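Enquirer: Sequence:
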Amino acid sequence: MAVQCLWVVLLVGVLALHAGRPASGASTAPRKNDIVPFIVGGDDAEPGEFPEVVSIQIQSPDGTFQHLCGGFIIDKEWIVTAGHCLDHFGVGRIDPAAVSVLAGANDLSQPGMLSYRTGIAGYEIHEDYDPDQGISIENDIALINLPEPLPLNAYIQEATLQHRTPQPGATAQVAGWGQTSNDNLEASNTLQWTSLGIVSKADCQNALDGFATILDDQLCAASSDGLEAECKGDSGGALIVDKMVVGIVSWSKKPCGKYPGVFASVPKHLPWIREKSGLDYL
1 MAVQCLWVVL LVGVLALHAG RPASGASTAP RKNDIVPFIV GGDDAEPGEF
51 PEVVSIQIQS PDGTFQHLCG GFIIDKEWIV TAGHCLDHFG VGRIDPAAVS
101 VLAGANDLSQ PGMLSYRTGI AGYEIHEDYD PDQGISIEND IALINLPEPL
151 PLNAYIQEAT LQHRTPQPGA TAQVAGWGQT SNDNLEASNT LQWTSLGIVS
201 KADCQNALDG FATILDDQLC AASSDGLEAE CKGDSGGALI VDKMVVGIVS
251 WSKKPCGKYP GVFASVPKHL PWIREKSGLD YL
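Heads up: the sequence shown at position 215 corresponds to 215 in the UniProt record's numbering, and the numbers run straight through without jumps.
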């Protein structure tokens with residue numbers, strides 16, 4: 001679904017339409033974190049390698065679906081993503097009727113017989129999330145409720161959530177369908193993944209050098225050589241350590257890979273996830 005520069009403009013217009021306000025009314029103030037739907041320097045994932053990962057898509061006026069953000073399955077009827085994915089570009093909250101979830105797909109252009117597309121029953125963004133709060137984006141988490149249970153199979157599986165914050169140096173994986181280079185806006189139809197290392201908050205803060213503050217509900221990860229990273233389009237996806245989700249892709253300073261990526265902490269937000277979903281066993 002090679003995303004061209006024009007799509008960024010169209011996406012803002014579509015989001016404005018579904019948010020119930022015209023695109024011309026959207027804020028034109030620059031956003032340093034430049035949040036949009038990517039894995040830089042990654043590898044193609046094998047089908048079923050990340051069965052908890054889903055593509056959150058938005059339906060255009062012509063009826064086609066476009067990848068917006070990543071997300072991950074925590075239950076047959078619940079998806080976790082980033083709050084900014086559903087309250088996008090300062091345009092306003094997206095109409096739930098425009099949102100679609102595609103599970104079990106590796107190649108978005110050829111999802112496969114075992115993939116499953118569904119609309120959504122609704123969503124809830126963290127009540128203390130504020131899209132205008134600045135770069136740091138505290139409480140960048142949302143829950144999507146599905147209208148019927150997902151049909152679990154080898155390609156569609158529930159994630160296991162980590163209850164403890166990982167130690168610095170732990171190896172993590174992140175996957176997504178976003179841009180594959182800092183140099184252009186072309187994305188990959190095929191799910192990409194890469195390995196990162198968990199970075200301490202102190203080292204992360206030092207690396208950002210005053211660009212933004214790393215908050216209590218966030219954690220950081222980076223590649224050792226600065227050549228691989230999550231980036232635009234990977235927002236809302238899962239950061240995985242030892243096969244358990246520890247973080248939600250939130251934001252990064254550009255160019256992606258040069259600085260640690262910042263993730264909303266799953267362990268910090270577990271009480272909120274349990275309360276809003278009613279899934280006390282998580």
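Hints in this document: simulated from the structure, not taken from any laboratory.
If you're wondering where the values come from, they're calculated on a predicted model, not measured in any experiment.
Where is the CB? At the ideal position from N, CA and C, for every residue including glycine.
Treat the hints with care, since some could be wrong.
[What the hints assert, rightly or not] Calculated lysine-lysine pairs in the DSS-like style (CA-CA distance at most 25 Å, straight line):
#, residue 1, residue 2
1, Lys276, Lys254
2, Lys76, Lys268
3, Lys253, Lys201
4, Lys268, Lys201
5, Lys276, Lys76
6, Lys201, Lys254
7, Lys201, Lys258
8, Lys201, Lys243
9, Lys76, Lys243
[Stated by the list, open to error] Label pairs and their computed distance ranges (CB to CB):
#, residue 1, residue 2, range
10, Glu127, Glu49, 29 to 39 Å
11, Glu158, Asp95, 21 to 31 Å
12, Thr171, Thr213, 25 to 35 Å
13, Gly134, Asp95, 40 to 50 Å
14, Thr171, Glu148, 16 to 26 Å
15, Gln110, Asp43, 40 to 50 Å
16, Asp128, Phe211, 33 to 43 Å
17, Gly63, Gly210, 26 to 36 Å
Enquirer: Now tell me if each hint is right for this structure.
Expert: Verification of the supplied hints:
no.	hint	result
1	Lys276 - Lys254	violated (33 Å)
2	Lys76 - Lys268	holds (22 Å)
3	Lys253 - Lys201	holds (15 Å)
4	Lys268 - Lys201	holds (14 Å)
5	Lys276 - Lys76	holds (15 Å)
6	Lys201 - Lys254	holds (18 Å)
7	Lys201 - Lys258	holds (16 Å)
8	Lys201 - Lys243	holds (22 Å)
9	Lys76 - Lys243	holds (18 Å)
10	Glu127 - Glu49: 29 to 39 Å	holds (35 Å)
11	Glu158 - Asp95: 21 to 31 Å	holds (27 Å)
12	Thr171 - Thr213: 25 to 35 Å	holds (26 Å)
13	Gly134 - Asp95: 40 to 50 Å	violated (26 Å)
14	Thr171 - Glu148: 16 to 26 Å	violated (36 Å)
15	Gln110 - Asp43: 40 to 50 Å	violated (19 Å)
16	Asp128 - Phe211: 33 to 43 Å	violated (22 Å)
17	Gly63 - Gly210: 26 to 36 Å	violated (46 Å)
In summary, the numbered hints that this structure violates are 1, 13, 14, 15, 16 and 17.
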